[in-house]
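Novice: Each chain, letter by letter, is given below.
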Amino acid sequence: DSGVTQTPKHLITATGQRVTLRCSPRSGDLSVYWYQQSLDQGLQFLIQYYNGEERAKGNILERFSAQQFPDLHSELNLSSLELGDSALYFCASSLTSGGTGELFFGEGSRLTVL
Amino acid sequence: QKEVEQDPGPLSVPEGAIVSLNCTYSNSAFQYFMWYRQYSRKGPELLMYTYSSGNKEDGRFTAQVDKSSKYISLFIRDSQPSDSATYLCAMSRAGNNRKLIWGLGTSLAVNP
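Protein sequences, first through last, are from chains A and B. Going by our numbering, 92 is the number at position 43 of the first sequence; the sequence numbering is gapless. Going by our numbering, 251 is the number at position 56 of the second sequence; the sequence numbering is gapless.
By construction, these hints were calculated from the structure, which means they are not laboratory data. From the three backbone atoms N, C-alpha and C, an ideal C-beta is built for every residue, glycine too. Certain hints may be false.
Restraint ranges, calculated between C-beta atoms of paired labels, are given here [as the list claims (entries may be wrong)]:
{"no.": "1", "chain 1": "B", "residue 1": "G249", "chain 2": "A", "residue 2": "E151", "range": "15 to 21 Å"}
{"no.": "2", "chain 1": "A", "residue 1": "L163", "chain 2": "B", "residue 2": "P276", "range": "45 to 51 Å"}
{"no.": "3", "chain 1": "A", "residue 1": "E131", "chain 2": "B", "residue 2": "K237", "range": "39 to 45 Å"}
{"no.": "4", "chain 1": "B", "residue 1": "A304", "chain 2": "A", "residue 2": "D89", "range": "17 to 23 Å"}
{"no.": "5", "chain 1": "A", "residue 1": "G101", "chain 2": "B", "residue 2": "K294", "range": "17 to 23 Å"}
{"no.": "6", "chain 1": "B", "residue 1": "P205", "chain 2": "A", "residue 2": "H59", "range": "20 to 26 Å"}
{"no.": "7", "chain 1": "A", "residue 1": "T161", "chain 2": "B", "residue 2": "S263", "range": "41 to 47 Å"}
{"no.": "8", "chain 1": "A", "residue 1": "E124", "chain 2": "B", "residue 2": "A304", "range": "18 to 24 Å"}
Output of the computed footprint for chain A on chain B, the stretches with three or more beta carbons under 8 Å from beta carbons of chain A [claimed, not checked]:
{"no.": "9", "region": "233 to 242"}
{"no.": "10", "region": "298 to 305"}
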C-alpha cells in the first residue's frame, strides 16, 4: 500500500460528460502529480501541484483542469469527454517539489468513455 | 523521436532466468535514472534509483547506467513468477522541478 488513495476506482460515462477524480496523497507529502496511462502512449504526465500551487504542467488538455486543496488532496476534472480520454488516471505524491524522482502512486482510476 | 525509448516486449522467460531490461535515451542532461515496477491493475512502484553513471544492486536486482552510450539496464537474477509485471524506466535532469520522462514500459512474464 503506497498510502495514496484514489477514488473512484472505476468510472464509466458518456461522451460530452464531465467527471472528477479525487486523490489523497501520502501523509506528509506536499506534491501531487496526475498522470494518464494508455496502452499506446504510456504514462503521460499531466500536471503537478505543490502545497496548493501549480508547479509543472505536462500534456494536459484544455478540457482538463486540476487543483490541490488546503488539506493537500487534489482533484482532476475532465470535461467534454471524448472516447480517446478512456485511460487509467494515476495520482502520485512526493514529499518535495523536485525530489529524487521517488513518486508514490495510487492504484489509479480507470475511466471508460462510451 | 521520443526522449526515452523502451522495447514494450512482451518478454517471456522461464523461472530462474536472468532478465535484462533496457532503455535508451537521447538527452545527455539526464542525471537521475529510475526503474518502476507496475503490476496489473496497480500503480507503478519505485524499484531502483540511480544517480549518474554506474551500477546499483539490491538483492536480485541490478541497475546499470552507461551515460556515454545513453543506455540504462535493469537485470533480474533468478527471476520468479512474482516478477511478472511491467517495468518502466524513468529519468530526469538535475535541478529543481525534475520532470520525469518515462519509457513506455516492458511487459515481463516469468513462467514457472
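Novice: Against each hint, give a clear statement of whether it holds in the structure.
Specialist: Okay, the hints, checked on the actual structure:
At roughly 19 Å, the beta-carbon separation of G249/B and E151/A lies within the given 15 to 21 Å, and the hint holds. Look at L163/A against P276/B: about 35 Å separates their beta carbons, and that is not inside 45 to 51 Å. Judged by the Cβ atoms, the range 39 to 45 Å given for E131/A and K237/B is violated: they are separated by roughly 26 Å. Range check, A304/B to D89/A: Cβ separation about 20 Å, and the 17 to 23 Å hint holds.
At roughly 20 Å, the beta-carbon separation of G101/A and K294/B lies within the given 17 to 23 Å, and the hint holds. Remark: the range hint 20 to 26 Å for P205/B to H59/A is upheld by a beta-carbon distance near 25 Å. Separation of T161/A from S263/B is about 45 Å and conforms to the stated range, judged on CB atoms against 41 to 47 Å. At roughly 36 Å, the beta-carbon separation of E124/A and A304/B lies outside the given 18 to 24 Å, and the hint is violated.
For the region 233 to 242 of chain B, the proposed coverage by chain A is satisfied: 6 residues have a C-beta within less than 8 Å of a C-beta in that chain, meeting the threshold of three. Restraint check on the region 298 to 305 of chain B versus chain A: 3 residues with Cβ-Cβ distances below 8 Å, three needed, restraint holds.
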